[in-house]
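A.B. asks: Spelled out from the first residue to the last, the chains are:
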Amino acid sequence: MNQPMYELKNVAVDLSNAAGTRRILEDVSMTVMPNEVVGIVGRSGTGKTTLMRALGGLTPITEGSLTLQGKAVTGPADGVVTVFQDYGNALLPWRTVAKNVALPLEGKVARSELRDRVSTAIEMVQLKGRENDYLSSLSGGMQQRVQIARALVLNPRVVLMDEPFGALDALTKASLQDVLLGLHEQNQATIIFITHDLEEAIYLSDRTFVISGNVSSGQPGHLSMEVPVALPRPRNQLTTREMPEYIALRHRLAEAIDLVPA
Amino acid sequence: MSALASVGRRVNWPGIAVIAAVIVIWQIGATVGPLADMSSVPSVTETVKGFGDLWAANELIPPVLYTLGVALLSAAIGIVAGGLIGTLLGLFAPFRLFTQSSFDVLRTIPITAIMPVLLLLLGAEARTEIIAASVASTWPMLVNTADGIRSIHPRLDEVGRMFGFSRLKRVFKLTIPAAMPSLLVGGRLAAVTSLIAVIIAEMIIAPEGIGWALLTAQQALQSGQMWALVVVCGWLGWLFSLGLTALVNRLQPGGVK
Ligand SMILES: Nc1ncnc2c1ncn2[C@@H]1O[C@H](COP(=O)(O)OP(=O)(O)OP(=O)(O)O)[C@@H](O)[C@H]1O
Ligand SMILES: [Mg+2]
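Line order of the protein sequences matches chains B and R.
Residues in the first sequence are numbered consecutively from 1, following my numbering.
Residues in the second sequence are numbered consecutively from 1, following my numbering.
Note that these hints are calculated values from the structure, not bench results.
Ideal Cβ positions, reconstructed from N, Cα and C, are used throughout, including at glycine.
Worth double-checking, as some hints may not be accurate.
Footprint (simulated), chain R over chain B, 3 or more residues, beta carbon under 8 Å [unchecked claim]: (1) 76 to 84; (2) 89 to 98; (3) 245 to 256.
Heads up, simulated DMTMM-like pairs for lysine to aspartate or glutamate below, C-alpha to C-alpha not over 20 Å straight-line [what the hints assert, rightly or not]: (4) Lys99/B to Asp37/R; (5) Lys173/B to Glu163/B; (6) Lys108/B to Glu46/R; (7) Lys49/R to Glu59/R; (8) Lys108/B to Asp86/B; (9) Lys128/B to Asp178/B; (10) Lys173/B to Glu255/B; (11) Lys99/B to Glu158/R; (12) Lys71/B to Asp86/B; (13) Lys169/R to Glu106/B; (14) Lys49/R to Asp37/R; (15) Lys173/B to Asp197/B; (16) Lys169/R to Asp78/B; (17) Lys173/B to Asp116/B; (18) Lys108/B to Glu158/R.
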């Protein structure tokens, strides 16, 4: 149980496009324990998505070592699912809600088990009654919940989320944050999420990393700060956010990412 | 809501009124108007008579069925061939690199220009007609399939990789369904192209079917019959697209539009 879920040692990632090869991430070291909720905040273009893709095995690392439960990550691993920011591209518009959620289980479990697990996952994200709807008749927040249900139906070890609530309005965002925390309480899963929203990072996480850098001017992204978040669980949208510790953490993070230029 | 009332609402009354007006003007124009002296423009009544003559001589249904059969067969061949080649073009960049320009050149040759060549090579047979129409209908299917597959967002394939799907499973579960709207557009164009090519081929290549009947009526100066056949061709095209639309709506679930 004390084996880390993820272990990153001096990880660097280079990406190439037509303009040439660039170092996007450098010297990233971190350890994530099972069942932990870890937030990653940083300015736009600092390599957050790239880090997430490396964790998910979608982008190979260039230097250093990246292990998942002791095994080097060389591609998408079993039990690791990513919730992409662009749910519009990541979901299947020609399938109904239930069929979208069923996708990862098809051909892997018996029909009756599939039906049970799909309906449980749909219930968890509060989409009961919309099983047979096509995605086009769902709001953005509902579509993102479909993607979350599709991740949960696998009972994953790790859920990676890239700005999962970025495109949503404040109220939908708050309710989905609570859905996520509720799910984390019921299911043993490690959650790593990216956000632009400092408050979201504090509200959800056990630990938040700040990633800084400026890839365009030759300074690759790197982890510049690690902030433990010792706020009590279960968290509450009102009381948690009014705690002095919460305000102090918010202050620290804001300074770390230069929210208010000196 | 009674069934009759709902049909009543679906009927396009203004559209019907325009058609009726055209028929009336046609009849007046062709009997007393400036076109009355031109034997090549029959009146409505002459056209209806031509229709009746063809029907009585049993020269209407057999050519229509023949043309329809050949057109459907050629469309099916074109759709399968175009779908397969288009899928390969869409999926494999190296294949695209080597073959794209050849296809682009071949595609621009009008099928009517190839028909005399095919006639010389293969003879005045149904087989030649089917080959010509199949080739013609391959192109729209090929182009739409390849474009449809290439324009799918790469995220979809990553979703498949993330769930550990094999390449084949990703193609069948993700790529092809995602490209289905383009495939259906291509299929519809292929079918319509096939019908056009078959009618032309019946005039140039194989003396059968409605295209040949049309040419025969023209050469016999039977303008009533000729126009009756033109109207039949119109119906055939209309029925074809109606059937295809119904098929497409069945294949394409409500979510994609
Ligand atoms: N294939 C690529 N080749 C070269 N550079 C790339 C490539 N993909 C991304 N980059 C660059 O890497 C940097 C980090 O990108 P990344 O998407 O990881 O940032 P991010 O922190 O997720 O930003 P945002 O908050 O805006 O989503 C950017 O400067 C981007 O332009
Ligand atoms: Mg990003």
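A.B. asks: Each hint should be assessed against the structure and marked as holding or not.
C.D. replies: Outcome of the hint check:
1. Coverage of the stretch 76 to 84 of chain B by chain R holds in this model, with 6 residues showing a Cβ closer than 8 Å to a Cβ of that chain against a need of three.
2. Evaluation of the coverage hint for the stretch 89 to 98 of chain B: fulfilled, as 7 residues show C-beta separations to chain R shorter than 8 Å, against a requirement of three.
3. Beta-carbon proximity to chain R at under 8 Å applies to 0 residues in the stretch 245 to 256 of chain B; the threshold of 3 is not reached and the given coverage is violated.
4. Between lysine 99/B and aspartate 37/R, the direct Cα distance comes to roughly 67 Å. Violation of the 20 Å bound is thereby established for this hinted pair.
5. With a C-alpha separation of about 11 Å, the suggested pairing of lysine 173/B with glutamate 163/B holds against the 20 Å cut-off.
6. With a C-alpha separation of about 68 Å, the suggested pairing of lysine 108/B with glutamate 46/R is violated against the 20 Å cut-off.
7. Only pairs whose Cα atoms come within 20 Å are accepted, and lysine 49/R paired with glutamate 59/R is accepted, the gap being roughly 14 Å.
8. About 26 Å separates the Cα atoms of lysine 108/B and aspartate 86/B, which puts this hinted pair outside 20 Å; it is violated.
9. Between lysine 128/B and aspartate 178/B the alpha-carbon distance is near 17 Å, which keeps this suggested pair within the 20 Å criterion.
10. Proposed proximity of lysine 173/B and glutamate 255/B is contradicted: the alpha carbons are some 24 Å apart, above 20 Å.
11. Restraint check for lysine 99/B and glutamate 158/R: satisfied, since their Cα atoms lie roughly 18 Å apart, inside the 20 Å limit.
12. Of the supplied pair hints, the one linking lysine 71/B and aspartate 86/B is violated, its CA atoms being roughly 29 Å apart against a limit of 20 Å.
13. Among the hinted pairs, lysine 169/R with glutamate 106/B is consistent with the structure: their alpha-carbon atoms are about 11 Å apart, no more than 20 Å.
14. For the hint linking lysine 49/R to aspartate 37/R, the alpha-carbon distance of about 18 Å falls within 20 Å, and the restraint holds.
15. Note on lysine 173/B and aspartate 197/B: the hinted pairing holds, with a Cα-Cα distance of about 11 Å set against a maximum of 20 Å.
16. Annotation: proposed proximity of lysine 169/R to aspartate 78/B holds, straight-line Cα distance about 17 Å (limit 20 Å).
17. The suggested pairing of lysine 173/B with aspartate 116/B is violated, with an alpha-carbon distance near 27 Å, which exceeds 20 Å.
18. The hinted pair formed by lysine 108/B and glutamate 158/R meets the criterion: a straight-line CA distance of about 19 Å does not exceed 20 Å.
The structure fails hints 3, 4, 6, 8, 10, 12 and 17 (numbered hints given earlier, in ascending order).
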